[in-house]
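**Student:** Here is how the chains run, residue by residue.
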Amino acid sequence: MRRGNQTDVYDAFVKLGDDPAQPISWVGSVRSGDPELAWHAAKEIYTRREDATVLWVAQRSAMVTSGPEDLESMRTPSRLTYRLPGKVGRRRRARAKLADVQPVGGAEA
Amino acid sequence: MTITQGHGIDDDTRLAQKYELWDEMPEGYREAAARIASFQALAELVGVLPFAEWLDRAPDFERKQMLAAKIQDEVGHGHVTARVAEDLGVPREQILSDFAEGRSKLLNIFHYRFETWEEIGPAALLMNSSAIVQFQALDKGTYLPYARALRKIEKEESFHYHHAIDLTHQTMTLGTPEQRALAQRSFETWLPRLLAYFGPPDTDTYQQNPMYTFGLKVKSNDQLRQEWLTKIVPVFRDLGIQVDPDLARFDEDLQEWVYAAPDWIEIKRILNEGGPMLAHWRAHIAGTLERNGTYRDIALEGVPA
Ligand SMILES: [Fe+2]
Ligand SMILES: [Fe+2]
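Here the protein sequences come in this chain order: Z and A.
For the first sequence, my numbering assigns the number 1 to the initial residue and increments by one for each residue that follows.
For the second sequence, my numbering assigns the number 1 to the initial residue and increments by one for each residue that follows.
Isolated chain A, as found in the complex (with noise of 0.2 Å):
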């Protein structure tokens, strides 16, 4: 199909030159760095909001803990990368602001918000596993300090991961028939949205995107789909949930997985107006960086040079 399929991430020479913050980039390599890292700044920061508001409705004291840690992790994630957008120009305030001030789009899975419990363990899943996979590919791109976040963040995803398949466990073992009714309807809730966050299939010239000829982006939509799928189906069979050929079955003769398409009309509509909780979410940022502002500016000013 492309050149690139069966073409190992080692050989790949638009990969060989790596960069430091104080090295010589290309024309246009630095915005665009600092684009990929403020705009993951932004998805862990908002990303985490509708986690942040079950943590005082978890169940039991552990899966508070648990819950909580997640949380901080993410809030880390938001600082690592705000650092590194930092450094290339683009200061937290401005990314914070842009998107409370309806500057900046959000990915489509940080539209909604959970609306019960159950929800939570197959929709964390899904997201965890997801980000593990592009992380796992931008984590070999071009500019180091961003790498290097990443590698980081890989860390704390794992456990992200973990207590997901434990929180669906616990609702799939234990739960009542209305409870594991409700983690089924969950996974098929967000596998179309987890399957439209890889972004729109491949096109004839992804190849010539500059994101893609920097090495900032390393792998495309569809290969990154494609083993997310591989890597996550069988988990969720493993948990007791159906998976609806019609959603995603792997074809043996194509030797691909094949999955009901997103809806791209509507994704497209809520990447542009907004889904359900874009404007909640926007009013949540607002609110936090005006009602921490006046602190925020005394705690500047005071530097000690």
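Pulled out of the complex, with its shape left as it was, chain Z reads as follows (with noise of 0.2 Å):
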């Protein structure tokens, strides 16, 4: 990951439209000195056809973004299988062969 070095680019997030569980999205980016007058240009520049309901932006200069380097360390189910239901569904059919009884809570989980 690597932190943000310009101060003069401003991040545009926006929610649009009437569905209000809809997540933020990054839209793209304005250059500006102002943080305020960052909000307008964003306004201006990325909110000209829908309706949005929800308007941040944020200085580059203080997001930490990640890189290509971070990518295997962000997958999660290569690396994190002990999180996953599958894991622990077979693990317990698993045990229930070898004890010789039903598997409880359905096969597949």
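Treat the hints as calculated values from the structure; they're not laboratory data.
Backbone N, C-alpha and C define an ideal beta-carbon position, used for all residues, glycine too.
So the derived label-pair ranges between C-beta atoms look like this:
# : chain 1 : residue 1 : chain 2 : residue 2 : range
1 : A       : Pro210    : Z       : Gly105    : 54 to 64 Å
2 : Z       : Ile24     : A       : Leu174    : 39 to 49 Å
3 : A       : Ala279    : Z       : Val64     : 43 to 53 Å
4 : A       : Thr230    : Z       : Arg48     : 24 to 34 Å
5 : Z       : Tyr82     : A       : Ala68     : 54 to 64 Å
6 : Z       : Met63     : A       : Arg237    : 50 to 60 Å
7 : A       : Ala279    : Z       : Gln6      : 29 to 39 Å
8 : Z       : Arg95     : A       : Pro210    : 51 to 61 Å
Within a straight-line C-alpha distance of at most 30 Å, the following computed DSSO-like cross-link-like pairs (lysine-lysine) qualify:
#  : chain 1 : residue 1 : chain 2 : residue 2
9  : A       : Lys140    : Z       : Lys15
10 : Z       : Lys43     : A       : Lys155
11 : A       : Lys155    : Z       : Lys15
12 : Z       : Lys15     : A       : Lys152
13 : Z       : Lys43     : A       : Lys140
14 : A       : Lys152    : Z       : Lys43
Selected chain Z positions facing chain A (in silico; Cβ < 7 Å):
#  : residue
15 : Asp8
16 : Ser29
17 : Gly33
18 : Ile45
19 : Arg49
20 : Gly67
Need the complex rebuilt from these two chains, each delivered in its own frame; the hints are there to steer you.
**Tutor:** The following block contains the structure:
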């Protein structure tokens, strides 16, 4: 991961449309010398045609972002198999087989 | 004719590998992506000037509002594409000063101004429709920040397109015979310019062009030109504009559009030496840079860290 170093770049995040359950998404960036002006620039540039309900801007130098080198550490299913229901389900079925009893909680869990 | 004919974008292997700003890119890719984004930023920011100078001459209030919206949209497109270029290392100050100081070229269609109000509708319609055809291909390209910027831009271009249709429709339905003749003449003046805007006819080697192999250019000039004619000629006919078959007609035997070839020597001259308005737009951009320089420097100097 890396720390941003541009103080005059602000990334813009919006939530669009009527569905309040929608996540807030990154839409792009603006360049500005001032945080409030950055917000206004983002409003003028990124919410021209859809209704936005949330608009945030964040100075890039205050952000920490992932890089390609972080890809492996962010990949859950290959790295953290013990967190997944499939893994515990297999353990349970194997145990039931050894003990010769019916598995509990469904075959597929 | 070529192997990509009839070959869909979806299975085009050139376009399979996409890139984000932070990805490793092949040799020369970053520079090529920066070039395409900065070229478009300049086109948006200078291309809006012929419209901007009509703002205080718009004939009614609603039209003025719509024209102002279009102008703001275009400047926004300039910002969005300039951000793509800036992230790749080309600051917007450089894009603008390269133009103001004569180091960069401008697309042929932006070397003119509109002489009459009636000229604007058909000219804008030809410009918007060709931009839309270009962007709809380019947004399948391999550089994702640019593709995203284009998808945002397309929504606004769709409004510009309908606004240009409405403007032309107004002239053709309510205008005097003189006004309709001006719209007709605008179509005939601008059609060859826009045909040239798509670039020279495909060569046998266009597929070796790095822009094309990188998947930054998605379709060939001739493919796009044909798609555009298919889309736009019927729209003009519906508006009551006569499309002279010598200018453009669909040839049933060839199954393609045949059109009056642009004067490529003249186009080349305009690109290299400049058309009628180039010096004026350069001076305008140079003046804006200078006038706003003080404020820009103060604003960016006071950037809170
Ligand atoms: Fe635009
Ligand atoms: Fe436009």
